[in-house]
Amino acid sequence: MPFVRSLSGLSHRTILSGFLLLFAAGLGFWSFVPSALAADPLTIYSGRSERLIKPVLDSFTANTGISVELLSSGTTELVNRLKAEGDRTPADLLITNDAGSLELARMAGLLYPLNMQEVEQAIPTQFRASDNAWIGLSGRFWVVVYNRTMVQPNQVKSLLDLADPKWKNKIAIPNSGSEYLQAGVSIIRATHGDEKTRQFLQGIKINADSQVYQKSSQIVDAVAKGQVALGIVNHYYVYRHLAVQPDAPIAVLIPDQQEGGMGAIMNVAGIGVVKSSKHLDSAKQLVEFLVAQAGQKLFADLDKEYPLRQDVKADPALVERNSFRAATIPLSKLAELREPTLVLIEQVGLR
Amino acid sequence: MTTFRHQLVSPLQLAALAGAGMILLPLGYVTAQALSADPAVWSRLWTTRIPELLFNTVSLAASVAVITLALGVSTAWLITRVEFPGRRLWEGSLVLPLAMPTYVLAYVYSYLLGFGGPVEYLWQLVAGPQSRIFSPHSYWGATLVMALDTFPFVYLLSRSALLSMNVSFEEVARVSGVSRSSTFWRVTLPLMRPSIAAGVALVILYVVSDFGAVSMLRYQTLTYAVFQQMTGRSDNTAASILSLLLVVLALIFLITERWFRQRSRFYQTGGRYRSPERRRYGWFGTSIVTGYLGLIVSAAFALPALLLIQWSVSPEAQATLDSRFFGFFWNSGTLAACAATGGVLIGLPIAYLANRRPTLLNLGCLQAAYAGYVLPGPVAALAVLVLFTKLAPVFYGSVVILIVAYVIHFLPAGLQSLEPALQHMSPNLEEAARTLGLGMRDTWRRVTLPLVRNGFILAWVLMFLQTMKELPATLLLRPVGFDTLAIRVWMEASEEYYQLAAPSALLIVLLSLPALALLVSKDWRAA
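Protein sequences, first through last, are from chains A and B. Heads up, the first sequence is in the numbering used here, so the first residue is 1322 and it goes up one at a time. Heads up, the second sequence is in the numbering used here, so the first residue is 6 and it goes up one at a time.
These are computed hints drawn from the structure, not numbers from a lab. Since the structure is predicted, the reported quantities are computational estimates derived from the model, not experimental observations. Among these hints, one or two may not hold up.
Example chain B residues on the side facing chain A (calculated, C-beta under 7 Å, incomplete) [as the list claims (entries may be wrong)]:
(1) 53
(2) 120
(3) 121
(4) 143
(5) 225
(6) 233
(7) 236
(8) 237
(9) 401
(10) 402
(11) 485
(12) 486
(13) 499
(14) 500
(15) 504
Using N, Cα and C, we set each Cβ at its ideal position, and we do this for glycine too.
From just these sequences and the hints, can you work out the full model?
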């Protein structure tokens, strides 16, 4: 052990006090430094991945000089964390990819209702909480991605068609922990009832078998490679894939548009100010930045989503928003639908 | 009576009790939460998830055990019983896979064996353009990765057994006319049995508590399910029920391992040591042996390491080597240093008292400190989380809670180095120094400390490096702005940005090598 031997030249006291010093210095570092710096940066808990949110925040910092600390993690995990941290939370804002999670956070009293003209003018009421405790920023649709060499677009009309045994081993689905799967299933339940939803879930469970993914980008990848023929994903993953690999044989199919159909399942990414935030002014500034025209364009385009502001155009590569219809279940209902949905998902035994 | 009172008031005793309490309390809380859960939740889990999870976990452990058994024993036998060029080099390099965290090996293999990956490409050249190989995201994928990563445990213990075995037993068998292969099956193998069993139990313990590989390969085990429950549900009841099952399962294997390890001790001390005779093979045999070892070492270490290097020098990866990257490195380093220091400070009174004053209470504290072995990362995180939200919510979301989770999780590794160091420290030595005229302080400085110092350093380094590559607890408990290297690997690799994950992964592997050297040097000379 040459490493140990080289240390044995040091006196014992140096080593022991070295240990103690390191420990004390470490503890001191964390207990004092953050509070000393706490005056300035905004702390953001984000369920949206760092890759997709950091550029927007960097642009905010460049514009306003307000720096931002970011913790990117799972949405539910972050809401749990906010609950547990209570008033001591360092977080000033919560960004998630799911309106249901924001509504749950609002119902738990974690969010601060905003009274801002800018918000009310920019974002239509159906994409905000009743008291503006959370505000939708961009829209996303739960769609079917298909491999053009393996599937004809007329073979699938509804999401429920994917439960058909003919797609055995041909579909890929997200895992049951993902909030947008939970939101999607909630909307199917609210439209079609529990029994039909259960059959749907059992069908896709069997059809997908081991093709259950943590990340939607992997689903699109699997479809592009022809590993599976179809996948259920949020629309933007398809366009992000196509932006990097324009020749990939994949396309988006917006389901449930038939006569009397449910309509495409929509969800929003949104933001809420944390009730105990000590930087209310800076936090409001960020919200203002994100609902302004430039911010909306930036936020939506980075992830190839639909801006919620009517006067901002979506990325031209996307399917024209007016050409299809969305499901009519209000977003705020996603919260109360969540728990029974989770029970159903668990009963079916989705991974 | 006076001694009893004396023990209670001693500050050392208090420190040991506090340390043991810190470790047992969280476990107790999780157990209580699981047992007090609504029976409806239990029955729902029993009818839906638990049978599948138990089956997956146990069958993965079983297949990995069989494969590591074959790999570990065969490599150990070749190294100790056959002479061939470069034998010493192979002897050392068979340990290298232990420097690869499972999540790194898993992500390399999900690229190698993935759909449209290089292995499939080669296979299609042979078997036709439409043929497919097995998916890495499956039972067999998880088995392969876990087996390649853990077979060195069996190798190390089998190697020690083969080196320390009294060769006369085998010689007697040969003299009595038993063939070489019969001797192996009827004499050598039965003598190695306790060591092999200890190694396999260690492997199983590792598999059962692994989070990295199963999460990368999306293979549902209990440990992975605990993590998913914690991150996907708003209450922790189901997570604590699954945790309790996991703890019980791990406990079974820990006890098995302990039991076999004790039995393996007893013959190793007997018999006079003589190094075994090594056979030489012809060029054909030699090249088969070298090819076999080469295949294993390249699959488990060399090939993945080369890929990591290749990815790390790619322009995409180079672009990430900015000040943020060094921030992650710094976070990893400081967190690990704090956890290692905390571990030594907490482990010391416990180990000292258990060795110097082995009362029932002190031995109990020591056993409690080993509880970390049966607390896989997500469970340790859950335990600490539940405890802190109940008792000291002030620390929630701070770095303290993360360090406590690390200490609980890795204290057993530290104690294994602290304990022997303290056992060396026989009171006689100090007494002798005193009778020879040294003062108290000089005795402490010149006798006691030099005896225990190396054990301390070893314990510190081991805990430091284990913390450095820890993944699940860090994911669940990290404070704002505290991403570590392991977190970066996981974030990038789970979205299949292989190049971007490579520099952090490579750094973790490189930093693990010295710890491995320390770990192995303890066991290296077996006799």
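Status of each hint after checking the structure:
{"no.": "1", "hint": "53", "verdict": "5 Å, holds"}
{"no.": "2", "hint": "120", "verdict": "4 Å, holds"}
{"no.": "3", "hint": "121", "verdict": "5 Å, holds"}
{"no.": "4", "hint": "143", "verdict": "6 Å, holds"}
{"no.": "5", "hint": "225", "verdict": "6 Å, holds"}
{"no.": "6", "hint": "233", "verdict": "5 Å, holds"}
{"no.": "7", "hint": "236", "verdict": "4 Å, holds"}
{"no.": "8", "hint": "237", "verdict": "3 Å, holds"}
{"no.": "9", "hint": "401", "verdict": "5 Å, holds"}
{"no.": "10", "hint": "402", "verdict": "5 Å, holds"}
{"no.": "11", "hint": "485", "verdict": "4 Å, holds"}
{"no.": "12", "hint": "486", "verdict": "5 Å, holds"}
{"no.": "13", "hint": "499", "verdict": "6 Å, holds"}
{"no.": "14", "hint": "500", "verdict": "5 Å, holds"}
{"no.": "15", "hint": "504", "verdict": "14 Å, violated"}
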